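Residues per chain are reported as follows:
Protein chains: 2
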Amino acid sequence: MERVTIGLAQINPTVGALEDNGNKIVDFIRLGKKRGVDLIVFPELAITGYPPEDLLLKKSFVLDNLKVVRELARYSQDITIIVGFVDHRLGEIYNAAALLRGGRIEGVYHKMLLPNYGVFDEKRYFKPGSGSFTFFSKRATIKFALTICEDIWEPKGAALTLAANHEPDVVINISASPYHFKKEKIRESILLSLAKKHRVVLVYCNIVGGQDELVFDGASVVVDSAGVFRYRAPCCEERLGIVEIVSHRNKVAVKKCDVSAKRLGSLEEIYKSLVTGTHDYICKNGFSQAVVGLSGGIDSSLTAKIACDAIGNENVVGASMPSRYSSKETQDDARRVAENLGMRFITIPIDRILSSYCASLADEFKGLKEDITEENLQARIRGNILMALSNKFGWLVMTTGNKSEISMGYCTLYGDMAGGFAVIKDVPKTLVYKLVDFVNKKDACEIIPGSVIKRPPTAELKPNQKDEDSLPPYTVLDPILKLYIEEDVSIGEIIKEGFDRKMVKDVVNKVDQNEYKRRQAPPGVKITPRAFGKDRRFPIINKYRA
Amino acid sequence: MERVTIGLAQINPTVGALEDNGNKIVDFIRLGKKRGVDLIVFPELAITGYPPEDLLLKKSFVLDNLKVVRELARYSQDITIIVGFVDHRLGEIYNAAALLRGGRIEGVYHKMLLPNYGVFDEKRYFKPGSGSFTFFSKRATIKFALTICEDIWEPKGAALTLAANHEPDVVINISASPYHFKKEKIRESILLSLAKKHRVVLVYCNIVGGQDELVFDGASVVVDSAGVFRYRAPCCEERLGIVEIVSHRNKVAVKKCDVSAKRLGSLEEIYKSLVTGTHDYICKNGFSQAVVGLSGGIDSSLTAKIACDAIGNENVVGASMPSRYSSKETQDDARRVAENLGMRFITIPIDRILSSYCASLADEFKGLKEDITEENLQARIRGNILMALSNKFGWLVMTTGNKSEISMGYCTLYGDMAGGFAVIKDVPKTLVYKLVDFVNKKDACEIIPGSVIKRPPTAELKPNQKDEDSLPPYTVLDPILKLYIEEDVSIGEIIKEGFDRKMVKDVVNKVDQNEYKRRQAPPGVKITPRAFGKDRRFPIINKYRA
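Protein chains in written order, with the working numbering: chain A, 7 to 552; chain B, 7 to 552.
If you are wondering where the hints come from, they were derived from the structure by calculation, not from laboratory data.
Do not take every clue at face value.
Coverage of chain B stretches by chain A, computed from C-beta distances (three or more under 8 Å per stretch; other residues unrestricted) [what the hints assert, rightly or not]:
no., region
1, 126 to 135
2, 395 to 406
Lysine-lysine pairs mimicking DSSO-like chemistry, simulated, CA-CA at most 27 Å apart [as the list claims (entries may be wrong)]:
no., chain 1, residue 1, chain 2, residue 2
3, B, 398, A, 189
4, A, 162, A, 129
5, B, 398, A, 129
6, B, 129, A, 508
7, A, 523, B, 398
8, A, 549, B, 129
To give an idea of the interface, some chain B residues facing chain A are shown, with a C-beta separation under 8 Å as derived from the structure [said to hold, decoys possible]:
no., residue
9, 81
10, 85
11, 122
A quick note: this is a predicted structure, and the numbers were derived from the prediction, not measured.
Each residue gets a CB set at the ideal place from its N, CA and C atoms; glycine is no exception.
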């Protein structure tokens, strides 16, 4: 009989912070030793952070990451360490996992399946590995196989790896698998079926935290060979999870386990991802305070709530910037949201500035009617004010646009799109309502007032303006957008689903014509299967409409 | 003896405009027939335009492109056609070349080497081909092999293809090879050595025109098996080039040729690429007029000149937006540049607007000194005015920042960075001077006045401001930026080249810290081996500095 205590170090490294990441790994190794861990597992590219993107093209970056691995090996005298790093051989680089044991690098595995779709560009950098990697426990009664993320995602690849591995007892998978809505469920069902199919214990250790557009949700798990979950780490939090694996008469079983961290509800998991992504974007970029333009509408209210949960309400300022078109109701609502959240609230009216623009442009615009120009001017004045506050006080500007608006270009470039981080840019408007409902229920009080929720959406850039004057109702628009943007369904097929022909054509046209705006948008948290940004790479010059 | 007249159709398709591209191809086929062409060659992905990016993920897009190929086949009754398209087999797509002959698709070649570096993402979409493709002339005396772009760029790949091709007489390469400085020279030296090494005639047909950040320069060529250039198409222009190939007693020779189109000088080729990229971005996006903010400085002067050469001076408006810090000299120079170019010139002072912002922000900023905030406000007011003109009149805003500024973040987000197209964003400041000199000499008159060239660069956002107060001299800065950005050289190695340690560290820091600004910048023409944008994918959250 042999017992191996495994630690799953679900950590949050920072891209490029090689030394800090190394120190964090050492802290977890120390903690593991204290808690009797024999084998500690760190995520994919834990040393560099994920994704390091074109940093990988720098020789010095790869060499510096190798130094960290060698230093970490010194800590493996009385604990075995698996850690993700960038390996370098004969001028090629590999997405790799090191086995550190006995004070040295005992072996290295190279990831075989490199994802190059969606947000992933791994074939831009890495050469695929060509062989599997196994190792034994000290008394040689348990055989482990190493895999990295995608290796187990493709049915073919998984089979290949596992077969080639000469029947391991335990398959370790180190991952940097980014979050989207329901991803944890998809992931767990893949892991479960693999564990059962190949009769192995699966130890899945995922990275956690935000990196630009991505949030890694962690949610590391251990599944036994019967397909039963024996450990589940919390979502979006650093954690050292511990399980014990026991071999007895050629059988390997999981003992001592902890499945107390339940899977979150779908709204809760989305909300937590938004908060995590926002927190890490602000803090990893060296900011500690943020400002949100509060219009009294539902989008900016939700954005403010997320920002407060991310960095503390004492660090978030709400700015109301009313114009002649702002109603008393929306201004009161903006103030009430700030009060409910306990944020500082400032008011800077924009009418005087708007008048000065109109006066300065009067000669050029003589004889012409007011149009979208004057609406955009208002939005851009607000953008400028927020950026001025940012410049003066070091507050990062959170923009408040949702995915439905940004899809349709129903937003002003350099106006409401101006800012450092677009918190809800991947959240469709209908989901904004659900999240607000979730937030209000969670805190068991109406943080975001009913009047904000009930008011028909309006940009308040001209008298009596309503979103629905320019856009289809969001309950109709959002399903069309999902089909077109996330599922690549053609106009003809969307119409067949029962939507109005003219409306569908108009929606598709607007989505495509507004790619130029999105190209200049700040990043925001990806929560759907296909977000704008690196996930959806569309040409700006694009005459295709179908 | 057999004669085959080959037409190289160096065309400028538009991404996504399948029907228009098909019609353009038919026009060239008709022209070819009229001029006695037996075999007409179109560039890589001529039907879809290049690069189609995520349009390739749409089934309907791929199917619609297949329809165009089938329609084109009908035109191949009395002419043989080679054309680039997207092939679709068993759920996979291929970057393909069709051989159309006798009214049908006689054969299809699949590109074997898929570039996935720099601006290229071909592995995101395509499966690589696995076999070569050859065909014979009508009387079977000349053997042709088909290749696509990258296939001949990698020494290994070329050898592979050609060897597998059982000694063809003529290798046709259809390309979509984007321009950068000196690329034509590099390309021609590769073609020359391949032709000689494998003793083949090389027919190289490249696409032409601008697509977002890229310019395709065309410069199609024919090289004979002795390594002599027998045809050269002009750079950046549509053209049907014609050569005659003759087989006689098992020897294949090139007759009737035209090498009158000389390679351009390096400044001329850069300038022509900038004009082409700007023209196509404006026109393919459906605009016909543009506006440039004219400061009287060298960057905006060059930008205006390029815009005028791209779409005609009658379609470009120069806007001067002076403040209290604008000198009489720069204002006069702005006007003089507009006059020299024959552009409309308008003046909209910004002081009144600036005062209204300062008044509105006075409470919040009470007791605080003026700083970068007030400088940025001026730049952003100008950005807003240009965007207001754009909204009201449909003028596309051309931004005027150069690569040196954009590298260092010496530019204002939503200010001078606001606009649709960043004409010289990949042109380092030292090259701006050279291009202005080139332009002045070319037109044999001082289009851009000497006073503009001689004045030390200044942003005029505070009294007596000079670029060199904040930045190293451009003659020192540009070489550092080239090493760091284009060649991935580390700080230590740059210092070894003889640059000041503190300066190098400061430059690298600024480049990395300002990634967030560049992420929100408009596209502009790539002219260096590594531009910002799709060519250089850096994380915003990035703690690596070395």
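Okay, the hints, checked on the actual structure:
Chain A is given as covering the region 126 to 135 of chain B, and this holds because 3 residues of the stretch bring a CB closer than 8 Å to a CB of that chain, at least three being needed. With 3 residues carrying a beta carbon less than 8 Å from a beta carbon of chain A, the region 395 to 406 of chain B meets the three-residue requirement, and the given coverage holds. Proximity of residue 398 of chain B to residue 189 of chain A is assessed by CA-CA distance (about 45 Å); at most 27 Å being required, the pair is judged violated. For the given pair, residue 162 of chain A sits about 18 Å from residue 129 of chain A by alpha-carbon distance, which is consistent with the 27 Å threshold.
With a C-alpha separation of about 45 Å, the suggested pairing of residue 398 of chain B with residue 129 of chain A is violated against the 27 Å cut-off. Restraint check for residue 129 of chain B and residue 508 of chain A: not satisfied, since their Cα atoms lie roughly 36 Å apart, outside the 27 Å limit. Between the alpha carbons of residue 523 of chain A and residue 398 of chain B the distance comes to roughly 17 Å, so the proposed pair stays at or under 27 Å and holds. Only pairs whose Cα atoms come within 27 Å are accepted, and residue 549 of chain A paired with residue 129 of chain B is accepted, the gap being roughly 23 Å.
Using the Cβ-Cβ criterion of 8 Å, the hint placing residue 81 of chain B at the interface with chain A is not satisfied: the shortest such distance is roughly 22 Å. For the restraint placing residue 85 of chain B at the interface with chain A, the shortest Cβ-Cβ distance is roughly 27 Å, beyond the 8 Å limit, so the hint is violated. A least Cβ separation of about 5 Å between residue 122 of chain B and chain A falls short of the 8 Å threshold, and the interface hint therefore holds.
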